[in-house]
Amino acid sequence: MAIDAAVGTSATPSPKPPMIEAHGLVKRYGTHVAVDHLDLVVHDGEIFGILGPNGAGKTTTLEMLEGLRPPDEGTIRVAGFDPARSPNEVKRVVGVQLQSTSLFDYLTISELVALFAALYNADGSPERVTRLIDQVGLGEKRDARIDQLSGGQRQRVAIALALVNDPKVVFLDEPTTGLDPAARRTLWSTVQGIRDAGTTVVLTTHYMEEADVLCDRVAVMDRGKIVACDTPARLVDALAADATVRARVTGDLPMDDLRALPGALRVECISPGDRCEEITITTDDAQGTLVGLLALADRARVPLAGLTTRQATLEDVFLSMTGRAWEDEPTEAAPEQPTGRRGRRRGGKVG
Amino acid sequence: MRSIWAMTRANLKMSLRNRQALFWNLAFPALFILIFGAVFGRGLKIDINVGLIEPLNGYGEQVAAAMSSTSAFTVTRGSQEAELAALEAGTRSVVLAFPGPGDPPAATIYSGPMTDPNSAVAQSAVREVLLAASGSALPVTISAETVNAAQISFMDTFLPGILAMSLMNSGIIGLSTAFVNYRERGILRRIKVTPFPLTSFIFARVLSQVLMAVLQSVILVGMAWALFDFRPRGNLTVIFLTILIGALAFLAIGFAISGISPNAETAASYANLITFPMLFLSGIFFSMSNAPAWLQPITKVLPLPYLVEALRSVMTYGHGLSAIWIDLVVLLGVFAVAMVIAVRFFRWDSRSA
Ligand SMILES: Nc1ncnc2c1ncn2[C@@H]1O[C@H](COP(=O)(O)OP(=O)(O)O)[C@@H](O)[C@H]1O
Ligand SMILES: [Mg+2]
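Chains A and B are the protein sequences, given in the same order. For the record, in the first sequence the residue sitting at position 208 is 207 according to numbering that gives the first Met the number 0, with numbers rising by one throughout. For the record, in the second sequence the residue sitting at position 226 is 225 according to numbering that gives the first Met the number 0, with numbers rising by one throughout.
Just chain A, with the same shape it has in the complex (with noise of 0.2 Å):
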């Protein structure tokens, strides 16, 4: 079974063989293509994410690799298993929690676990419910009924009945949608802590600052494609700039002298006027250009206002592969808040 497993680069090239390989996938709905020859490996351990806007093809994907739709064409493994030949070999192996499915409203969650503890003819002795609701941290809640729950605690509950089989690997299907940031961030860390026992996660979002955060690896998608494939960091890496420097300015400055401006690779002018009042320069050097802006203007005594700096994102790497800007979901939960590592880092105040 020589499979060539080249797809995508790895941070830390896994001895073992990938959890998950796909080849060639195709889906198609009537003439709409939803999934286009899509390739994908996600490595034994890792947070895996599939990040795209809505319609992208997420779901598909994950549904084909679950073993509930048949791919059209393409081959798929699945800890070694092939989903269309041993769907009951991939049932075991696999934890599932499907987008936006709902539960038997009418039982507790303690119970709720137990019947799906029996359904995949797992342990389903109090202990370890009790231990599975732990682990997705609602301990408090056992006894409640699914539909007194919020919906970040369903979410929640969803992913223990993922997990009640001890699953090789989980599927998220956007996990976190739909929650306000603090459940978010709780869940995150729920997931991680998945991860850190061993199980193999893979997740669709549709949230950056998500992919960017939780994710070991993340596959950009869109269209049906997998546009970009790597760690977070490579990919924002990857791109030619990784920063971008804005300025209000109430003077001339010589256009030429702003694309000399080191590590500058664009520069874009925004005048109402004939005079260029916002400028936007970017750059593969945030220091260099910043220095360099600051000294020009002092020469010209052109003060400048609302200097920004923002390092590129992952929305600048979706940008750059699709040629569209990413947008954002209208039904956002909350508005993004600036956080960690390289999150969206905005309003970077230097003036």
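Just so you know, these hints were derived from the structure itself, not from any lab. Positions of the beta carbon are idealized from the N, C-alpha and C atoms, including for glycine. Hints should not be assumed to be uniformly reliable.
[Said to hold, decoys possible] DEER-style ranges, computed between Cβ atoms:
id, chain 1, residue 1, chain 2, residue 2, range
1, B, T73, A, D146, 52 to 58 Å
2, B, L320, A, D122, 43 to 49 Å
3, A, G54, B, Q19, 34 to 40 Å
[Stated by the list, open to error] Anything over 12 Å on all C-beta distances counts as not near chain A; from chain B, calculated:
id, residue
4, R184
5, V192
6, A267
7, H318
8, W324
Here the structure of chain A is known, so what remains is to put chain B with the ligands in place on it, guided by the hints.
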């Protein structure tokens, strides 16, 4: 096996916690029993037209006096031909003849078809008067025409009908709404990614539905027993078998509807479209024997009348399997056909795969 039982138990728990379903399956038929039982079952609050065939002996006069003293009876006297003609025409509920000298007291009751609840009410009322008028001079010899020797009360004929109605509602309405709901909300898809097979899933549903039907029957019969002195007459095993087959037939129809319907609204309208006419064409609330001739064939193609017939036959008249086997075969046929449709049209998903 463990998984099937776990799924069955979960189904039962959910059924018992679903207030809306409980209302339709239990509270609604129970209300019928209470209301109809209170109106017709005990007190004689209805007007019963009794025809007395002349000449009357002494006992006959006593009965006539007793009947005239309560407002429930309207007494008419006449010749045998005239009174029996009136009975046939439906202007008398019951006609009485008093043969012999009247000592020991004896009476003959002529009545319409027993499946008519009104007739049953009239008869039991008349019997009470006959007994009361005889004073303590027992035994009263009551011979009945077209009636078994057993005393049939209103509840005796009414309860099996209500029981059949509740089995129909929980099967057709309860199961189809629950199933379409599970499908639309993605619950079936979630089950599908477990190794639990479809056959086991359906089997668990059938099992829990049947257990609920038995529970429902016990509660409804128990209520009629405690409040209205209802006593089922037939063999308990035969009664149980009839309930079981009835429950199976209707849950299969519910399954079939959930498979055919694209969504919850359609399922609900199909379910109502099927159950509503059956409710009124099955002789539960009034006899179909007086219905116009063109309606009669319809009652022959609906499953509910067969269950009502069978349940009445065993519970009310104490008949055995030999009297109802055709009804049971028809119901089993309904089960088989509906189940084939159900499996053929079963979908895990409300969208295409
Ligand atoms: N069952 C289906 N029938 C027809 N079209 C579908 C079906 N499921 C998804 N699609 C279409 O396929 C595309 C990809 O959908 P999906 O995989 O759900 O995307 P995502 O999960 O990224 O939002 C969308 O255009 C969607 O409308
Ligand atoms: Mg989706």
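Evaluation of the provided hints:
1. B:T73 - A:D146: 52 to 58 Å: holds (56 Å)
2. B:L320 - A:D122: 43 to 49 Å: About 47 Å separates the Cβ atoms of L320 of chain B and D122 of chain A, which means 43 to 49 Å holds.
3. A:G54 - B:Q19: 34 to 40 Å: holds (36 Å)
4. R184: At about 4 Å from chain A, R184 of chain B fails to clear the 12 Å cut-off, so the statement is violated.
5. V192: violated (5 Å)
6. A267: holds (18 Å)
7. H318: holds (40 Å)
8. W324: holds (39 Å)
Hint compliance for this structure: hints 4, 5 are not met, and every other hint is.
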